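**Q** Here is what each chain is made of, one letter per residue.
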Amino acid sequence: METLRPILAEHPFFRDLEERHLDLIVGCASNVRFNSGDFIFRHGEEANEFYLIREGMVALEMFVTGRGPVTVQTMGEGEVLGWSWLVPPHRWMFDAHATEMTRAIALDGKCLRNKSEQDHDLGYQLLKRFATVVQENLDAARLQILNIYEVQA
Amino acid sequence: MKSKPEEMTSVAPPGLMTPVFCRVLKTQQETRDTFTIELEPPAPAQAPLFAPGQFNMLYVFGVGEVPISVSGDPRRPQSLVHTVREVGAVTRAMRALKRGDELGVRGPFGSSWPVEEAEGRDVVIVAGGIGLAPLRPAIYSILAHRQKYGRVVLMYGTRTPEDILFRKEVERWRARLDLSVHVTVDRAMAVWRGSVGVVTTIIPRAGFDPHNTLAMVCGPEAMMRFTILELQNRGVGLDRIYVSTERNMKCAIGFCGHCQLGPTFVCKDGPIFRYDNIQRFFEIREI
Chain C
1 METLRPILAE HPFFRDLEER HLDLIVGCAS NVRFNSGDFI FRHGEEANEF YLIREGMVAL
61 EMFVTGRGPV TVQTMGEGEV LGWSWLVPPH RWMFDAHATE MTRAIALDGK CLRNKSEQDH
121 DLGYQLLKRF ATVVQENLDA ARLQILNIYE VQA
Chain B
1 MKSKPEEMTS VAPPGLMTPV FCRVLKTQQE TRDTFTIELE PPAPAQAPLF APGQFNMLYV
61 FGVGEVPISV SGDPRRPQSL VHTVREVGAV TRAMRALKRG DELGVRGPFG SSWPVEEAEG
121 RDVVIVAGGI GLAPLRPAIY SILAHRQKYG RVVLMYGTRT PEDILFRKEV ERWRARLDLS
181 VHVTVDRAMA VWRGSVGVVT TIIPRAGFDP HNTLAMVCGP EAMMRFTILE LQNRGVGLDR
241 IYVSTERNMK CAIGFCGHCQ LGPTFVCKDG PIFRYDNIQR FFEIREI
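Chain order of the listed sequences is C and B. Residue numbering for the first sequence follows the numbering used here, beginning at 1 and increasing consecutively. Residue numbering for the second sequence follows the numbering used here, beginning at 1 and increasing consecutively.
This is chain C alone, in the form it adopts within the complex:
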């Protein structure tokens, strides 16, 4: 039976992961597809997965009273969506909705949390990779705050 193993093995996020860890992760992975306009998750809901986007685009939004939904970030092919599954209280901070047809691999966070508790090496590998994702997103958010396109008169 075909599994998602080869796709995960080739994904940059899992590059150089040991075979045994990849085997554990494959057991928590599934293919998902969202139509344009579908919500992938909503602010406040329990966060129990993350996504490796294979195709399409996802907008992270926050609904602001009086203004409506404001997009704070978009993500596309090859990017990793969601880290709230990793950090208590495991609740999504933003809404995520597909702005076009989007295919992704969903990783079950509960499943990975349980396996990481039993195998701390796996947990370390996941945390190490997510630290990079968080850092890249934090850097990008700081640049957005800076307004780097503003020319000072």
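Hints listed in this document are in silico derivations from the structure and should not be mistaken for laboratory results. Honestly, I wouldn't trust all of these hints.
Said to hold, decoys possible - To give an idea of the interface, some chain B residues facing chain C are shown, with a C-beta separation under 10 Å as derived from the structure:
hint	residue
1	I130
2	G131
3	G157
4	T158
5	D186
6	W192
7	V198
8	G219
9	M224
Computed from a predicted structure; not experimentally measured. The beta-carbon is built from N, C-alpha and C at its ideal position, and this holds for glycine as well.
Dock chain B against the given chain C, drawing on the hints supplied.
**A** Just chain B now, kept in the frame of chain C:
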């Protein structure tokens, strides 16, 4: 209609120090604070040829003179096009000019984008905010000789969708099959269907061969610094990254020293520099 000062009608032939009088053909509002002004030189013979990335000194009579990059097509020098952000007295007065009014023009000055050196390579063009204006002539040149280049990628970042410069033209470029265009904004309402995030975040998504790429970067210095870092992370050598710098240019011919950047004068040695040649000075916050 504003008229030129009488005493300037009989001065020496136009040159680097003496402005040529050009009539305003058209002005067009681009964004909230940015407009494009199209000028007609007095006679075709006096139409200054320019290279992509060069700038002119535009003189509003009785108000002052400012350096503005040419944003038009180098193959159409009979029409001088500049895109200007209203930031002070001179640019505000320029915005108020009507068709038929006159402006003084000195130039063109400075170095240019290395469009010929880029031949045979992938070309990555990264613009931030009004930085798209000085890059537009380079885009025109490259598209006019498209077959000479590998992949051509334009990445453009602005604050909001309303700040996108040359919007219709960017949409036309985006529709081309031989040009990859990525536009991103810092913030947007949900009706915006494009990317949200700073321009550095779309660099990893753009397909180009970093080892055979020449990059042209223009925007505010903070944007250029982070863009250069990201290009470097992708494997683009600093000797293949060109930036357009901006300093307080006055004389435009390297006499007055207002635009000094380390041992260089931006007006004469720049404004386009190969990054490894100015990296040391680019990173010193005091200059």
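**Q** Would the hint on G157 (chain B) be counted as holding, given a Cβ-Cβ threshold of 10 Å to chain C?
**A** holds, 6 Å
**Q** With 10 Å as the cut and Cβ atoms as the points, is G219 (chain B) at the interface with chain C?
**A** The hint holds - G219 (chain B) has a Cβ within 10 Å of chain C, the shortest such distance being about 6 Å.
**Q** Does the CB of W192 (chain B) sit less than 10 Å away from some CB of chain C?
**A** holds, 6 Å
**Q** Checking hints one by one. Is D186 (chain B) an interface residue toward chain C, by the C-beta closer than 10 Å rule?
**A** holds, 5 Å
**Q** Regarding the hint that M224 (chain B) lies at the interface with chain C, is the smallest CB-CB distance below 10 Å?
**A** Since chain C brings a Cβ to about 9 Å from M224 (chain B), closer than 10 Å, the hint holds.
**Q** Holds or violated: is the Cβ of I130 (chain B) closer than 10 Å to a Cβ in chain C?
**A** This interface hint holds because 6 Å falls under the 10 Å limit.
**Q** Hold the hint about T158 (chain B) up to the distance rule: shortest CB distance to chain C must be less than 10 Å.
**A** Where the cut-off is 10 Å and the nearest Cβ of chain C is about 6 Å from T158 (chain B), the hint holds.
**Q** Given V198 (chain B) was flagged as interface, is its beta-carbon under 10 Å from a beta-carbon of chain C?
**A** With a closest approach of 4 Å, the V198 (chain B) hint holds.
**Q** Is the hint on G131 (chain B) kept, meaning its closest Cβ partner in chain C is under 10 Å away?
**A** holds, 8 Å
Of the hints listed earlier, there is not a single one the structure fails to meet.
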